[in-house]
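Trainee: Single-letter residue listing:
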Amino acid sequence: MSVITARPSRLSRFNVASLTLGLAFLYLPILILVIYSFNASRLVTVWGGWSLRWYHEFFNDRAMIDAAWMSLRVGATSATAATVLGTLAAVALSRGQGFRGRMLFSGMLYAPLVMPEVITGLSLLLLFVALEAERGFWTVTIAHTTLTMCFVAVVVQSRLVSLDRSLEEAAMDLGCDPLRAFVLVTLPLIAPAVVAGWMLAFTLSLDDLVIASFTTGPGSATLPIRIYSEVRLGVKPEINAICTLVIGLIAVVIVVASLASKLSSDRGESAAPL
Amino acid sequence: MSARRIFSRPARFGAIAPYVWMVLFFLVPFAFVAKISLSQTAIAQPPYTPVFSLAGGLSALSDALAGLSLDNFRLLLSDDLYLASYLRSVVVAATSTAILLLIGYPIAYGMARLPKRWQGVAMMLVIVPFWTSFLIRIYAWVNILQHDGLLNQILLALHLVSAPVVWLSTDSAMYVGIVYSYLPFMILPLFATLTKLEPALEEAAADLGASPRETFWLVTFPLSLPGVGAGSLLCFIPIVGEFVIPDLLAGSRSLMIGQTLWLEFFTNKDWPVASSIAVVLLAVLLIPLLLYDRLQRRQLEEGR
Numbered sequence: 001m002s003v004i005t006a007r008p009s010r011l012s013r014f015n016v017a018s019l020t021l022g023l024a025f026l027y028l029p030i031l032i033l034v035i036y037s038f039n040a041s042r043l044v045t046v047w048g049g050w051s052l053r054w055y056h057e058f059f060n061d062r063a064m065i066d067a068a069w070m071s072l073r074v075g076a077t078s079a080t081a082a083t084v085l086g087t088l089a090a091v092a093l094s095r096g097q098g099f100r101g102r103m104l105f106s107g108m109l110y111a112p113l114v115m116p117e118v119i120t121g122l123s124l125l126l127l128f129v130a131l132e133a134e135r136g137f138w139t140v141t142i143a144h145t146t147l148t149m150c151f152v153a154v155v156v157q158s159r160l161v162s163l164d165r166s167l168e169e170a171a172m173d174l175g176c177d178p179l180r181a182f183v184l185v186t187l188p189l190i191a192p193a194v195v196a197g198w199m200l201a202f203t204l205s206l207d208d209l210v211i212a213s214f215t216t217g218p219g220s221a222t223l224p225i226r227i228y229s230e231v232r233l234g235v236k237p238e239i240n241a242i243c244t245l246v247i248g249l250i251a252v253v254i255v256v257a258s259l260a261s262k263l264s265s266d267r268g269e270s271a272a273p274l
Numbered sequence: 001m002s003a004r005r006i007f008s009r010p011a012r013f014g015a016i017a018p019y020v021w022m023v024l025f026f027l028v029p030f031a032f033v034a035k036i037s038l039s040q041t042a043i044a045q046p047p048y049t050p051v052f053s054l055a056g057g058l059s060a061l062s063d064a065l066a067g068l069s070l071d072n073f074r075l076l077l078s079d080d081l082y083l084a085s086y087l088r089s090v091v092v093a094a095t096s097t098a099i100l101l102l103i104g105y106p107i108a109y110g111m112a113r114l115p116k117r118w119q120g121v122a123m124m125l126v127i128v129p130f131w132t133s134f135l136i137r138i139y140a141w142v143n144i145l146q147h148d149g150l151l152n153q154i155l156l157a158l159h160l161v162s163a164p165v166v167w168l169s170t171d172s173a174m175y176v177g178i179v180y181s182y183l184p185f186m187i188l189p190l191f192a193t194l195t196k197l198e199p200a201l202e203e204a205a206a207d208l209g210a211s212p213r214e215t216f217w218l219v220t221f222p223l224s225l226p227g228v229g230a231g232s233l234l235c236f237i238p239i240v241g242e243f244v245i246p247d248l249l250a251g252s253r254s255l256m257i258g259q260t261l262w263l264e265f266f267t268n269k270d271w272p273v274a275s276s277i278a279v280v281l282l283a284v285l286l287i288p289l290l291l292y293d294r295l296q297r298r299q300l301e302e303g304r
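Sequence order for the protein chains is A and B.
Quick note on numbering: our numbering labels position 40 of the first sequence as 40, and the sequence is numbered without any gaps.
Quick note on numbering: our numbering labels position 51 of the second sequence as 51, and the sequence is numbered without any gaps.
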């Protein structure tokens with residue numbers, strides 16, 4: 001592996017061009033959205049100078065604030081549950097060799113990553129209706145936990161796979177029972193990946209429109225549901241402001257997560273999601 | 001050796017909670033979808049006739065079995081609207097995946113050739129938009145593509161067009177949105193396989209007289225095929241069922257199957273038909289899903 005670092009860079013002009021264009025394509029639309037959220041003009045496309053007017057509008061929009069609050073609560077609750085369940089699942093997959101139903105287990109964990117959201121949403125709703133559960137905060141939270149714990153499992157598992165097992169074995173040779181070895185040795189080593197997993201689960205929950213639309217009840221809309229119903233009616237500058245706030249929040253989350261993964265990469269493999 | 005075996009027993013024990021959760025909230029719901037897809041539409045709350053309830057015992061079971069109907073599936077076959085929807089979804093997903101591969105490969109290749117310490121930065125830069133809200137990223141494009149949006153303003157200012165072009169509510173807008181949203185899913189698996197390639201192989205090919213082009217097509221590309229497969233499946237499967245992007249960016253003349261399902265469910269309140277659409281969609285995606293599951297398993301558990 002050290003061969004790679006020793007050699008001079010092999011970048012061609014074509015490589016540089018595709019990297020630059022690719023990153024510009026990924027970032028410019030978001031940048032434009034953020035800039036226009038500070039536009040004083042009511043017309044989204046005419047620049048009327050810098051202003052915080054649309055942020056004012058948002059903070060006076062009761063329904064939007066309620067939806068944002070609902071989304072934050074769902075996000076925090078489901079991310080916490082998903083982190084616990086996803087970490088357990090990752091440990092089981094990478095440390096518990098060959099238990100019965102292992103194939104089914106890993107299949108159930110990988111399938112939701114690509115499963116079209118309309119299917120996941122519809123199937124969960126039918127379950128909740130059959131159970132006669134009242135739809136609202138808890139049904140959305142359960143639905144999001146189900147989806148995001150799979151992402152947590154993948155992130156944590158990729159860290160566990162790269163971990164040196166002799167550390168756990170040493171702890172047990174020195175008299176730790178398996179549970180103590182896990183809590184004292186393994187858990188601190190995978191902690192950055194667990195933190196990154198929580199952050200990923202939180203942002204995915206904050207983002208989800210389709211599954212939340214199916215599983216929520218009347219009167220408890222999440223932020224994406226509100227944004228979506230506004231966007232269908234056309235572009236509104238207030239939406240740009242809300243989107244910028246969400247992007248800001250996610251940016252904070254990313255910084256924390258990347259600090260966490262930096263901590264982990266100091267000890268080896270990075271904990272980057274996917 | 002023995003220590004590892006001891007450790008695996010509590011690990012198996014720890015699997016119980018997530019296992020039960022996934023069975024309850026991922027597997028069992030599919031049974032309900034299958035069940036409702038066989039029931040008949042009713043104007044009631046919930047809007048379908050009950051198919052089967054345990055309370056009635058065996059006689060109720062036989063009644064229920066007699067009452068099951070394949071009407072919804074017959075409807076899917078008889079009405080061109082549904083077939084057209086499925087077909088359009090698969091065509092859109094296949095086309096988008098091809099475009100994604102064409103755009104994503106050069107980017108991933110460029111990333112893999114960066115000096116080691118820059119690779120992490122580049123990877124972070126590709127991942128960050130994936131963390132940023134999906135809905136917001138689509139909305140950003142509505143901003144740009146609308147009638148008096150930035151794109152038309154630029155084109156008019158440069159005198160490339162004489163009147164604003166209709167971008168929104170077209171297929172091209174939808175493709176832009178899909179490519180934009182799924183690009184990280186294509187780049188990351190490609191990058192993962194490309195960085196693992198032994199550079200000595202490319203050097204050997206060059207030493208043996210292969211031109212850079214030959215080296216790429218005869219050595220690099222064939223070796224990166226697992227990444228191509230993973231990236232393509234990671235994009236293709238969810239795009240087939242995509243709802244938000246076609247709904248906000250494409251026109252309403254022809255719908256993708258995710259939109260049709262949404263329409264049947266939310267607008268027509270026809271839960272049984274929506275369920276049968278989901279069942280058929282799942283059947284369409286079964287083979288790609290199984291392929292993806294195998295790739296994912298191999299990557300996470302054997303590779304590295």
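Think of the hints as simulated: they come from the structure by calculation, not from any bench.
Treat each hint with caution, since some may be false.
[Claimed, not checked] Pair by pair, the computed Cβ-Cβ distance ranges are:
hint, chain 1, residue 1, chain 2, residue 2, range
1, B, F266, A, A76, 24 to 32 angstroms
2, B, S69, A, W69, 38 to 46 angstroms
3, B, R298, A, A40, 53 to 61 angstroms
4, A, L21, B, K116, 44 to 52 angstroms
5, B, P164, A, R102, 51 to 59 angstroms
6, A, D177, B, R294, 51 to 59 angstroms
7, B, T95, A, D177, 30 to 38 angstroms
8, A, F25, B, L81, 17 to 25 angstroms
Quick caveat, the model's predicted, so the values are computed rather than measured.
Don't be surprised by glycine CBs; every beta carbon is placed ideally from N, CA and C.
Trainee: Does each hint fit the structure? Answer for all of them.
Mentor: We went through each hint and held it up to the structure:
no.: 1; hint: B:F266 <-> A:A76: 24 to 32 angstroms; verdict: 28 angstroms, holds
no.: 2; hint: B:S69 <-> A:W69: 38 to 46 angstroms; verdict: 44 angstroms, holds
no.: 3; hint: B:R298 <-> A:A40: 53 to 61 angstroms; verdict: 55 angstroms, holds
no.: 4; hint: A:L21 <-> B:K116: 44 to 52 angstroms; verdict: 23 angstroms, violated
no.: 5; hint: B:P164 <-> A:R102: 51 to 59 angstroms; verdict: 58 angstroms, holds
no.: 6; hint: A:D177 <-> B:R294: 51 to 59 angstroms; verdict: 36 angstroms, violated
no.: 7; hint: B:T95 <-> A:D177: 30 to 38 angstroms; verdict: 56 angstroms, violated
no.: 8; hint: A:F25 <-> B:L81: 17 to 25 angstroms; verdict: 35 angstroms, violated
Figure legend: structure checked against the earlier numbered hints; hints not met, in rising order: 4, 6, 7 and 8.
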